[in-house]
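Chains as they are written, first to last, in numbering that gives the first Met the number 0: chain A, 0 to 360; chain B, 0 to 360; chain C, 0 to 360; chain D, 0 to 360.
Read the hints as simulated data drawn from the structure, not as lab findings.
Per the computed footprint, the stretches of chain B lying under chain C, defined by three or more beta-carbons under 8 Å from a beta-carbon of chain C, are:
#1 25-36
#2 74-83
List of simulated lysine-lysine pairs, DSBU-like, C-alpha gap at most 35 Å:
#3 D:Lys318 to C:Lys269
#4 D:Lys272 to C:Lys318
#5 A:Lys200 to B:Lys269
#6 D:Lys272 to C:Lys320
#7 B:Lys325 to A:Lys269
#8 B:Lys318 to A:Lys270
#9 A:Lys200 to A:Lys186
Label-pair distances were calculated between CB atoms; the ranges are:
#10 B:Arg146 to D:Glu64: 40 to 48 Å
#11 A:Asn71 to B:Met319: 50 to 58 Å
#12 A:Asp165 to B:Lys321: 29 to 37 Å
#13 D:Gly203 to C:Asp177: 45 to 53 Å
#14 C:Ser359 to B:Ala309: 45 to 53 Å
#15 D:Lys269 to B:Arg146: 26 to 34 Å
#16 A:Asp72 to D:Arg52: 39 to 47 Å
#17 A:Asp72 to B:Arg146: 48 to 56 Å
#18 A:Asp165 to D:Glu64: 48 to 56 Å
#19 A:Gly203 to B:Ala309: 52 to 60 Å
We treat Cβ as the ideally placed atom computed from N, Cα and C, and that holds for glycine.
Spelled out from the first residue to the last, the chains are:
4 protein chains.
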Amino acid sequence: MSNSIGKMFVVTTFGESHGPAIGAVVDGCPSGIRLETAIIQRQLDRRRPGQSRLVTSRREADRVEILSGLENDRTLGTPIGLLIRNENTKGGDYAAFAGVPRPSHADFTYMMKYGVVASSGGGRASGRETAARVAAGAVAETFLADRCGVRIVAWVSAVGEIEARDMTASGLTRSEVDSNEVRCPDKNAARDMADTILRAKTDGDSVGGIVTCVCSGVPAGWGEPVFDKLGASLGAAMLSIPAVKGFEIGSGFSAARMRGSEHNDMFVMKKGKVLGTATNRSGGVQGGISNGEPVVFRVAFKPTATIVMAQETADYRGKMKKLEGKGRHDPCIVPRAVPVVEAMAAITLADAALMARATSR
Amino acid sequence: MSNSIGKMFVVTTFGESHGPAIGAVVDGCPSGIRLETAIIQRQLDRRRPGQSRLVTSRREADRVEILSGLENDRTLGTPIGLLIRNENTKGGDYAAFAGVPRPSHADFTYMMKYGVVASSGGGRASGRETAARVAAGAVAETFLADRCGVRIVAWVSAVGEIEARDMTASGLTRSEVDSNEVRCPDKNAARDMADTILRAKTDGDSVGGIVTCVCSGVPAGWGEPVFDKLGASLGAAMLSIPAVKGFEIGSGFSAARMRGSEHNDMFVMKKGKVLGTATNRSGGVQGGISNGEPVVFRVAFKPTATIVMAQETADYRGKMKKLEGKGRHDPCIVPRAVPVVEAMAAITLADAALMARATSR
Amino acid sequence: MSNSIGKMFVVTTFGESHGPAIGAVVDGCPSGIRLETAIIQRQLDRRRPGQSRLVTSRREADRVEILSGLENDRTLGTPIGLLIRNENTKGGDYAAFAGVPRPSHADFTYMMKYGVVASSGGGRASGRETAARVAAGAVAETFLADRCGVRIVAWVSAVGEIEARDMTASGLTRSEVDSNEVRCPDKNAARDMADTILRAKTDGDSVGGIVTCVCSGVPAGWGEPVFDKLGASLGAAMLSIPAVKGFEIGSGFSAARMRGSEHNDMFVMKKGKVLGTATNRSGGVQGGISNGEPVVFRVAFKPTATIVMAQETADYRGKMKKLEGKGRHDPCIVPRAVPVVEAMAAITLADAALMARATSR
Amino acid sequence: MSNSIGKMFVVTTFGESHGPAIGAVVDGCPSGIRLETAIIQRQLDRRRPGQSRLVTSRREADRVEILSGLENDRTLGTPIGLLIRNENTKGGDYAAFAGVPRPSHADFTYMMKYGVVASSGGGRASGRETAARVAAGAVAETFLADRCGVRIVAWVSAVGEIEARDMTASGLTRSEVDSNEVRCPDKNAARDMADTILRAKTDGDSVGGIVTCVCSGVPAGWGEPVFDKLGASLGAAMLSIPAVKGFEIGSGFSAARMRGSEHNDMFVMKKGKVLGTATNRSGGVQGGISNGEPVVFRVAFKPTATIVMAQETADYRGKMKKLEGKGRHDPCIVPRAVPVVEAMAAITLADAALMARATSR
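Isolated chain A, as found in the complex (with noise of 0.2 Å):
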């Protein structure tokens, strides 16, 4: 169970990485809204492993099909199904681990959960579950673009020690993010990182990053009050994607550190007419409805758990294993990971989109 996200804007994925597909039905998408291949396939593009040095070099196409929901290239209003065949299938990169729970895998926790794992590669717990998210977000996209105005950009804002400046301000498009191979739009912070990352990767080993969004466009009164606050469905959304250790919006945890006579945001009448705040520690969310602000949140990713180099660890009987990674794995997942903080956003915008036509007065 689970594999299902959001309450009007429903999505559902499927499929492991190694069996015949994997793909998602996007359920509660509004009709007469223009949708191509096109469009979904330009964000797993973005997601596909083998586009740089800095990522796997396994090569999966990742073609999307569109099953249903379509007549004419405009949504009907019915489910949405998408389709992606695997290619890469074989298991044998994964043959060594046989026995050996992979160390801050989920190997185990399947195991203890279901009693069985997956043959090699994870099954659901494969990064490659993330393709579908990718493919729905893109219809959420489509969505939020044509009937909302709400434009989400993402990009990498950490890779291990190296910190992005804050660009959150800047009205970043997808372009300038994509520029270079890290997806880091602070030029000289990126070389750094494309450092970081080869470094690391020379040495079998992985390294971790953050993720920076920015969702501009989002009207007031999107989020439910109480438990369904935007920030708490965002930062499900968010720490649900694997390897993703934190959450925050706005001032985050820096917040923790302040007083409230600096961190409040004074409203001011914005172009003569529109009540906003002069800052936006807030990260556009007031009592966990949006304010009309952007909505600004940052997602930790740990390092890859899968590496190359020898690490001791025991088998499922307890005996001490050196386990020795050969498949060909992302030396840093996060930029990669930007299309897929992308999807996520929006698969919970549209959700809070639905949900407020709904609540609202």
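Based on the hints, put chains B, C and D in the right spot on chain A.
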């Protein structure tokens, strides 16, 4: 909408701070569990205003009445209705705010969403709503202790710039946490924290902080892969608490700076019979599912938005006003937030426990 | 679990018949709707025991208190807490049943599921639980009337062998329905029904019946295709009422005997401007979605299970016992079920109304 | 929305009759269950068009492909993706309907809700959508048989005026049901039913019917009190099947005519060790919870809306038109509806089984 949380162990809360009552309905608690009003009252008393000089001087007894679901102090398996009458409902303290949305509070967003704001005091956005969560959480906790052997302890680990030393592995008890009015078991840090809070109070200001929580005894296999990962559910629960801006599990944001070889938790045989991990950077969750290690997470709270100091902010028509708080507000919310974090952890884990019954092999 | 119904307009009920109170939380009611205690009380009074010689002589005032969600008699958009204190909680009437599960009641199944039965009176399985539904339904109805122009009227259309003539197209009002104690607007049939009920009462027996309901003013477009068809949601709501054994919409079971050429509803232009149907065998729903015609359905109630006549039935250990009812029970439940059917219809339609806001083009 | 059913065993379907494919995702099936494509195909073949002279002559192979969730023919506990490619997607048969909403079909209501109708053939409102339900139902059934010992058998018990004798206590098998093309195990009635259907077919008309279903082996304790009563869930599932107008459980509508003394099911010790009931007017459910007796219910289907006979009905602008069906339609849907009813019963019971694991003592 959104006043319910959970799929199988479902908590619904209701009530405005200045209406007749607040309360909760706890649906899904298994039958046959010993439950008394006193157990619930104990946690409510830890959240209650007026406990010390560090928190608001408002007085509210917060006496809970159990309306249903019990017979002879045993749960029936039916919904448990919990009622807390409001006593201190005079709205005078808030009269000054009429027409001016309080900065970084929920007045503006509620007005945008609902076209109305509950008179004075924020209605559902009031911190008072969390009393209902604490009452419901005490029920969840009783189930978890009685049937699953889970123990939850939270404490204040940071206030402003003051950070306590890491005590996540110390097996802390609630009485150790409650040994000082800050609820920080690191006594030296606690002293400095109290100073920090009192200085903010003297200045008519407020200050933020961090609450750390450890849930021990959680068996392997709780949490659902993909969208309902245990960390995602805990994150959503915590981010739904008023004033929370960030959540991290295990290594959290520090993971972004680490390499895989230093971050991975090696498996080892524990006590000669259970596979566990030598370190716990995973925070007790791998692939979204608990691994048998303690579940450890941290929650960042912003400084209380309502302060006594004057603030220059716009009224609803955009005219700048000087706003001065007159109410009795908390200069720092984290000492009282400790039982709220524990309650939301308990509610989330109780739901995960019931889900695991249903979804495991 | 399962004490909540609805996806966007969510009603949660709680309370045992012999505990301190019963009640409901109505979550999702839009803001700004005029609501008073008297509106709710009016429907509760129609469900209340002791109204006439045809129903149980038990006396219970069923006074409702609104705990939250209102200010100045207007909804705030926040959850509306409703409380009804139990007054008549003596368990004596039921003492005879100890150890013997009452035939066709819920004692046995609750014991099998929960390992316990709420002392005397059936706990949640008691018809008393429906008072909370009626209170919540009155809120739903107020929203539907105020915002959507929907009007719901139910009546008794059969008792035992006595059937009223078809009055679904008569535009009946509640006062016409309430013009006699059976709540059957066909006066001749009502007289025979009253006789039937009184004969059963005299015999220490009970008798079943049918409630018909018409919801007019439902606009086209409510209900979701596939699994949440409007007829399916209404059916689930009605079949969740204690003692209900059957549900049919429009032509219902009689459709099975018909040919397509006699069953199909031809489209015609109505009042020169709205497409409607010449007949209404569809019962106002086509393909699961309302078509603008009145929504018409019928609900079959079994005879009250608890009777005064002696019954030979096994106790929990399998020993045959002679069971004689001593309580004050309803010889026929349908006169009091009328407001319950209306309430469940209102709750279902309010949810469909909010869903339609979210899911329509 | 609404293309998912179930809380723990969740089935999501997608696909238009004239698009590339239809399919389902089954989420929540426990791990370790033996499942093969052939098991699913067997039920699909029973629903397939073109099986006999009594049903539509359309031909569609309906080959299912399992996309995920299995390894070595065992379930993994992860979602099971099911795909059925459409083959017969020519829209020509429906061209005549352009501009004229078909009477008692879903064209008009979809247009009102979505502002668009899937070209020809009804899109999601097509009976073809039920193939995905049948595929998903076969998975549910496999789980129920393997883990719970539940056996589900449905058959045609009425066509037009012809009613089969009551065979609910006969322990029927599917091969007995399939022994004739009507799927009515009462051979005499079956002959008359076939005649009735062929006469309707000859007249270019259609006829309705009833499907009866018995689920044996359901243990006591499934179903949730109050809103998710087992009868309510089954009713919602059945009423979500296209063309269904009524549902009754156990005694159903006949209960309305009975007295309590004749309706009540007395408890008796069965086989010397299990408490059961001497009669089964409850239909296996008491207080919403299964009591260990067979679950018995009946489902009324209206005559197929699309007929060859000319119909006088208005087009979207209100102008009367003569509509003549040209497609190959089912003169009576119930023979093909039998596996659909079984599938929806299986999906509902599988969900109840998982819920019972979570909610029981």
